[in-house]
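So the protein sequences, as listed, match chains A and B.
0 is the number of the first residue of the first sequence in numbering that gives the first Met the number 0; add one for each residue after it.
0 is the number of the first residue of the second sequence in numbering that gives the first Met the number 0; add one for each residue after it.
Please keep in mind that the hints were generated in silico from the structure rather than gathered at the bench.
Keep in mind that this is a model prediction, so the values were computed, not measured.
Certain hints may be false.
Claimed, not checked - Simulated crosslink set (EDC-like; lysine to aspartate or glutamate; CA at most 16 Å straight-line):
#	chain 1	residue 1	chain 2	residue 2
1	A	K157	B	D54
2	A	K229	A	D219
3	A	K52	A	D273
4	B	K208	B	D256
5	B	K111	A	D338
6	A	K32	A	D306
7	A	K114	A	D331
8	B	K111	A	D342
9	A	K114	A	E341
10	B	K111	A	E341
11	B	K266	B	D217
12	A	K229	A	E248
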Amino acid sequence: MKTPAKKGAAAKKPAPAAKKPAGEAPLRGYDPKWLTRLYHDMVLIREFEDRVKYLFLQGIMPGTIHQYQGQEACAVGVCAALGPEDVITSTHRPHGHALAKGITADAVMAELFGKVTGCCKGKGGSMHIGDLAKGMVPAVAIVGGGLPIAAGMALSFKMSREKRVAAAFMGDGATNEGIFHEAVNMASIWDLPVLYVVENNLYGASTHVSLVMKVPHIADRAAAYGIPGKTVDGNDVIAVYEAAREARERALLGKGPTLLELLTYRITGHSRRDPCLYQPEEERKRALANEPIGRFGRRLLAAGVTDQKGLDAIRGGVKAEVERAVEKAMADPQPKPEDALEDMFV
Amino acid sequence: MTTRRLSIVEALREGIAEEMRRDPRVILIGEDIGIPGGWGGAFTVTLGLEKEFADRMVNTPIAEAGLMGLALGAALMGKRPIADVQYSDFLFCAMDQVANQVAKMRYMSGGKLTVPMVMRAPVGVTGRGAQHAQMMETFFVPLPGIKILVPATAYDAKGLLKSAVRDGNPVLIFEHKLLYGSKGARAESGTVDASSDIPDEDYTVPIGKGIVRREGTDVTIIATLLMMHRAVEAAALLEAEGISAEVIDPRSLVPFDWDLVKGSVAKTNRVVIVEESPKRGGIGSEIAATLAEEMIDFLVAPVKRVAAPNTPAPFSPPMEKFYIPDVARIAAAARELMDIS
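The shape of chain B in the complex, shown without the other chains (with noise of 0.2 Å):
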């Protein structure tokens, strides 16, 4: 099997061009896609795509409620349509769209109607403040009907983006800015390198099933897209101690892979969940309550968040180094762990 290299954004613009090949009903909507000489979005996912699908690039104004409409439309009649925002932040203005129509339209027909479309999001705290900033995954893992992807490499990008469009249902994936390896104008500082081996044959991931990105036997790390590379960067830390973490990438968030989770928990009998976005009613606290109802036996020490404080992101680089968690932080709470039993 022969593989090549590719980016995170390079992996989801060839993954976008190969639905778009096999099944003439998708389509992308956005903003600012689709112009010759243009972006290609806002971190060049579709940079180029013009110029085998100019006519199904659907380059809408700014009006983001609009565009998830639109899409939501179109998927009602037939097409597979892909929407992007520019932001995940700017979903908010999307929110009666996505939240009130495209997430409840099936289950309010009485499951006549299906809603095959996939939005697509950048995160991340990148130096932008606060409001381009946000892991906006805690505001819709609660909304029933719509799966929720969040992938961390490459292969996985391209792998749950080609699952998204052909599931038939509502998908919305949160990419990280740090991780897309976008080039150019576009290009992030302080990127992580996120790129993987992608075969030249066709392939999925599943949604819902997570993956383990290292193997331990002490205690379990649960992390998704940037806080994952550091998850792995600090078990690297700990085994150097003396100490086995065993790094759990969920990949999706909506179904959540809680056989997974349980079978390493019940293995470390202990738990660390790291997160960048506020700890407050984060997805920590979802693992970390279903964990105490199902696996109270197994746990030797209290579930350990890592995880944002209660702010909105800020700008200085030295306040937003010590808002987003880092290895040290990851390090240490499985450290303390350890010293509790």
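Chain A on its own, in the form it takes in the complex (with noise of 0.2 Å):
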């Protein structure tokens, strides 16, 4: 594997995640049909979050979550960029990634209940859905245990000459761990096609990004690697999208890696029963002004792409799939106890 000297494009300035930005990705130009796919996928999984989250509080679903309210734009707009031929690696908070890849409300629901309907089988939970029958590996909840991993699918990519990528997606925190150099640094010197997508939704838990990090931005640190880094509003899934398409079209064209930095919030705890007293008030109401959904409604009406009632029955209808997915997921059998025996080798 030859290892071509590349120069670090600069970093550009990024919008502060909490204010709006000065300018939006324009709409013309986009299917109104696909634009609204993309509302009601981010829909999808605002309803789905919140559904669960309320499962949770009466008590009535098993383990621990830990949700993406608030992110829906980042992992909508990075799927929506991706092929079904292309795949992901997930983190702790992956039920918006899995459902932005296609993997159905009823699967994902049944894991989180444990059920033999789950995409795993009951066998791995909140913190572990995936299937990869959609493009999704198993999601890895060992912060950054996910990224040398999508170098390793993408080295495979490489080397059977498939015109496929592979992103993974992180947390802030995740830049900060060892690994995020160990596989950075690989797929940047083999060039392979892989998409860096760290979601900086500005906490690592309940510890503030400027308190764990000297440099500005995270997408600073493609530098230090020769390739492109890019800070975008995360909450603009336009801007994802179009973000995420050109570090696909760069990588498909054998140019290597991106580090994408999208900037956004977490407008729900970091798990189950975190108030967020850690957020300032005025930040929370900022960043709830400026959540994706809503967002990307107003621009939606505004270029008359739908009107209320288009959106209002979007949500509708998701709301059914998710009551229907609950209802089903609840009815569903459970393991036998001994089918935690299953499983372990071919």
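With the hints as a guide, bring the two chains together.
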């Protein structure tokens, strides 16, 4: 494997996450059906997560959860740029990635309930959601753990001359793990077709990113690997899509990985029952005004892509879909206890 | 059947090359491999393979976690990687990828995924101090999801490697530095001859099957890798004293050939377990506990463990010699059991 020298692309000045960006990517030229599909997919994640949160608070659902409310544009924008043949790795916060990559709400909900009908037959649970048939490796809940796996999948694509890419989702915290360096360095030296996608939601659990990072932008770190780093408004689904599409095209041309920093905000707790007391009130207010679904809905209305009735219909349909998933998952059979002994070796 | 006398290094190299010719999905991932004029890995196992397989050898940065994750990702996409670290001690750097990702990926997927990858790691206390010395088997045996092999001869090294490549699951092979037979600048001092007559024909050694290295009736000595060779020497010493020792080489630690061990114990009623790692929490602990649970009625004396002390490996030769179980200690343990009953 050759190691071409490359000049690092300078990271652009990002718009702060909680402020409305100066300019949003225009909607002109996009198919209205595709635009409303993006809206649908984001609403599906939001409604799914809100329903799951309620089930937890009711004590009906087992385990623990790390939820995705507020970050929907990241998963939906990136996955909209990927083909069905492309693969992703995810994190301890994987529900949004799974739904965006096309795993059904039924299969994810059943897995959260630990049912045999779940996408991992109840062996994975919330933090290991995935289905490689849909292009998602079971989520890796060790921070940064998926990054070299994505490089390895991309290595396989490159060696077999397959026109596919791997996208590795991670949080801001993962970029402080040693494995981030090992993985991004390897992907860079071999020009592997990988998208390293950082969802910078400003907090690792309750620790603000500024307390654990000296550089102002995570994308700046790309310079250390001689690859492009780009800071993107992660609450603008079109901006995310366009950045991911560009990174994917670059990867498919054999030009190697891109580090995408998506500025976003987690409007729910880190995990269950987290009241987010560490998030300043003003910051939360701004973030709620800037959350991706409301923003995109307003843009669809302003551009005349659909009307309020259309948006309401999407939300209504999604709510019904989620409710059916809950009912089905609760009625689905439990695994036999001794099923725990299966699925070790081929 | 024609054969050739090969060292472990030569047998492994030949086995890898044959598997790469047989299956285009087999790739090599490791540090300092595939460089013309280079070392061929830390102990020359892959020396010269770049002449035939240059585009299937991935020479990685010094990044053990990264390279194991790389191998896992490639395996998930249908490759059959053989990934190696230079010294097994470095597996600690790779522990998240090996223990949390490689070992658990198939299970977490509900059996939907397969992880056909081989990992190789050199072990052995060999004059390098504490961090290039450890017998890492004891850290991986309790870890569900990885098969663990410990070949002590060239025949087994090649045959088990081939079985590992074809197995379809994560398989970790521990190879002993003093048994390799590495030559030239990478030759080890204190090497023990582990060469074998290797058949020209394709063959495999089954995973999970141990072997009786020497038959006996009075005491069973269980030992792997370098300790197996010392146990065979000890058995010869004991024979001169009228003690008939049976030496069992399990060859696989996971899965473990309990039938072979239990059958031997039922015959001899006495057991010595030898290991090069610290006694605390070692392989011997697991074997002894299982025999206590399931074979207590057959035992006429306590199970005896001969192991290294519960310290890191020391550097200075006199201390290192004291640290590693030797022939005299193994023989003494067997004598002690004979004296008890």
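Do the hints match the structure? See the list:
1. K157/A - D54/B: holds, 11 Å
2. K229/A - D219/A: holds, 8 Å
3. K52/A - D273/A: At roughly 11 Å apart (the allowed maximum being 16 Å), D273/A and K52/A satisfy the hint.
4. K208/B - D256/B: Holds, because 5 Å separates the two Cα atoms, which is no more than 16 Å.
5. K111/B - D338/A: Roughly 14 Å separates the two Cα atoms, so the pair holds.
6. K32/A - D306/A: Holds, because 13 Å separates the two Cα atoms, which is no more than 16 Å.
7. K114/A - D331/A: Holds. K114/A to D331/A sits at ~6 Å (cutoff 16 Å).
8. K111/B - D342/A: holds, 8 Å
9. K114/A - E341/A: Holds. K114/A to E341/A sits at ~15 Å (cutoff 16 Å).
10. K111/B - E341/A: Answer holds: K111/B to E341/A is near 11 Å, not above 16 Å.
11. K266/B - D217/B: The hint holds at about 8 Å.
12. K229/A - E248/A: holds, 15 Å
In this structure, none of the earlier numbered hints is contradicted; all agree with it.
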